[in-house]
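Chemist: Sequence:
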Amino acid sequence: MSPVSREVSPAAAAATPQAGAPEEPARGGNVTLATAGLVIGMLLSVLDQTVVAIALPDMAADLGGMDAIGWVVTSYVLASTTTGALYGRISDRFGRRAVFVAATAVFVAGSALCGAAQSVPQLVAARTLQGIGAGALFVLPTIALSELYPQRLRSRIQGFTGGIFALAGVGGPLAGGMITDTAGWRWIFYINLPLGLLSIVLVTFALRLPRAGGGARVDIAGSVLLAGAAVSLLLVAEWGGRAYPWTSGVTLALMGAFAVLLALFVWWERRAASPLIPPRLFAAPALRVALPATALLGAMLGGSIVYLPTYLQAAYGMSATQAGLALNPYVIPFITVSAVAGARIGASGRFKPYLLAGSAVAVLGFALLSRLEPGTAYALLAVELGVLGVGFGLLLQNLVVVAQNAASPADLAATTSAAVSVRGLGMSLGVAISGSLLTRELQGQAQSPEAMAAAIPEVLAWGVPAALALVALVALLPPSTGSSGAEAEPA
7 MSPVSREVSP
17 AAAAATPQAG
27 APEEPARGGN
37 VTLATAGLVI
47 GMLLSVLDQT
57 VVAIALPDMA
67 ADLGGMDAIG
77 WVVTSYVLAS
87 TTTGALYGRI
97 SDRFGRRAVF
107 VAATAVFVAG
117 SALCGAAQSV
127 PQLVAARTLQ
137 GIGAGALFVL
147 PTIALSELYP
157 QRLRSRIQGF
167 TGGIFALAGV
177 GGPLAGGMIT
187 DTAGWRWIFY
197 INLPLGLLSI
207 VLVTFALRLP
217 RAGGGARVDI
227 AGSVLLAGAA
237 VSLLLVAEWG
247 GRAYPWTSGV
257 TLALMGAFAV
267 LLALFVWWER
277 RAASPLIPPR
287 LFAAPALRVA
297 LPATALLGAM
307 LGGSIVYLPT
317 YLQAAYGMSA
327 TQAGLALNPY
337 VIPFITVSAV
347 AGARIGASGR
357 FKPYLLAGSA
367 VAVLGFALLS
377 RLEPGTAYAL
387 LAVELGVLGV
397 GFGLLLQNLV
407 VVAQNAASPA
417 DLAATTSAAV
427 SVRGLGMSLG
437 VAISGSLLTR
447 ELQGQAQSPE
457 AMAAAIPEVL
467 AWGVPAALAL
477 VALVALLPPS
487 TGSSGAEAEP
497 A
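Counting from 7, one number per residue, gives the positions in the sequence shown under the working numbering.
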């Protein structure tokens, strides 16, 4: 077999022995190398969401423009979140490999421009370009890995990607601090170039999947409406109560824009020939629960991942590197439980008990963290971090797999894109809302480490009602979330 893989048409795929098999998806190339290339892309997309936070002061000192430096983070999040749902549909038409390679090339180009930026506006523009590419780098691997492996292994594989997500999400500030201290902030972006190119090479030569989409048009109008609604909502959460009062004209206008654009999106999707998010997806009871549950989980993840390192620095006087290492009691259980639970669920097919357990454990984790006080021993904090890591490990990718298993083969890409995108939107909202809560807690106080250490547990307390709501949502899942014939033909 030639090492160069080539995506094949649906008709050709149907002629292969694998296409008719209920358990084995039609595939070719080198699955191991393809998996490695996809995972590298996934790792880069999550790392670059968090890796720059620790380097913002150095960037501002070098480039100036401290007032706008926050947009270095926000522009990337907005671009990656609002484009994620579109990539699934584009890849249905043009193929997973072609779209992944093109998006990774955009990400690499954006990274090079970020490293070379000479002003904050240039850096923000380059981060936006980087985010447009990054929108595909978690969505498409999640889809492609579900097609590369049979359904019985789907939970195990997605459990592994959940571990990658945890490692990259929490390890981002640690990696950013180490790179900034040793090589300078520009190398945060330059390091993406060889890794991104390696991902492109591996996927180009090793990934072979049937092309699912035929001649279906890409829903550009729906994508624009959804992106506009998402941007409006994120800006309300980011600016409301901080940059602008909640009753200001700007905030109210953004709220109105969100409501109007969302209503137009729903109206359009019911009429579009090839909708971005087909309304028929919500006919499945599991999807009606899994998608909002995934968004809520994303919000809980976002608020905790961003502010736990800050708490460690404020309460214990740790450096950024030390704080990153001190989060190992959170990261290691997260990764371990995600992998083990994925394997066990794959063998039994019983998702609901694990999701209920994960939601309940998350309630306990947030409740414990909300009671942190000055002088709390780090050993006790480590145990509490481990509890939260176990809860998230049981939940993160298993909710995505529930959504995937409830979808038909033709809707796998749209369903996965929707699940990963709403989780990203939830994470962005969680970070913004937690920031607003923190601002409220610190109002009228000096910006001291002591004040920060006292305020963050109050912010984390809001995770308790959020996790209780997640318990209630998961309880509504049907006992069985599998779809008939889900593996008869890859999407």
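Everything labelled a hint here was simulated from the structure, so no lab data went into it. Please note that a few of the clues may not be correct.
What the hints assert, rightly or not - Derived CB-CB ranges, DEER-like: (1) Tyr196 x Leu386: 38 to 44 Å; (2) Pro251 x Arg158: 37 to 43 Å; (3) Tyr384 x Arg446: 24 to 30 Å; (4) Glu456 x Pro63: 18 to 24 Å; (5) Leu386 x Ala115: 34 to 40 Å; (6) Gly450 x Leu474: 42 to 48 Å; (7) Arg294 x Ala227: 34 to 40 Å; (8) Gln449 x Pro127: 39 to 45 Å; (9) Pro251 x Ala122: 26 to 32 Å; (10) Gln328 x Arg276: 39 to 45 Å; (11) Trp273 x Gln328: 27 to 33 Å; (12) Ala478 x Ala289: 17 to 23 Å; (13) Leu199 x Ser254: 40 to 46 Å; (14) Tyr322 x Ala481: 34 to 40 Å.
Note that the Cβ used here is the ideal one computed from N, Cα and C, for glycine as well.
Chemist: Quick check: which numbered hints come out false for this structure?
Modeler: 2, 5, 6, 7, 8, 9, 10, 11
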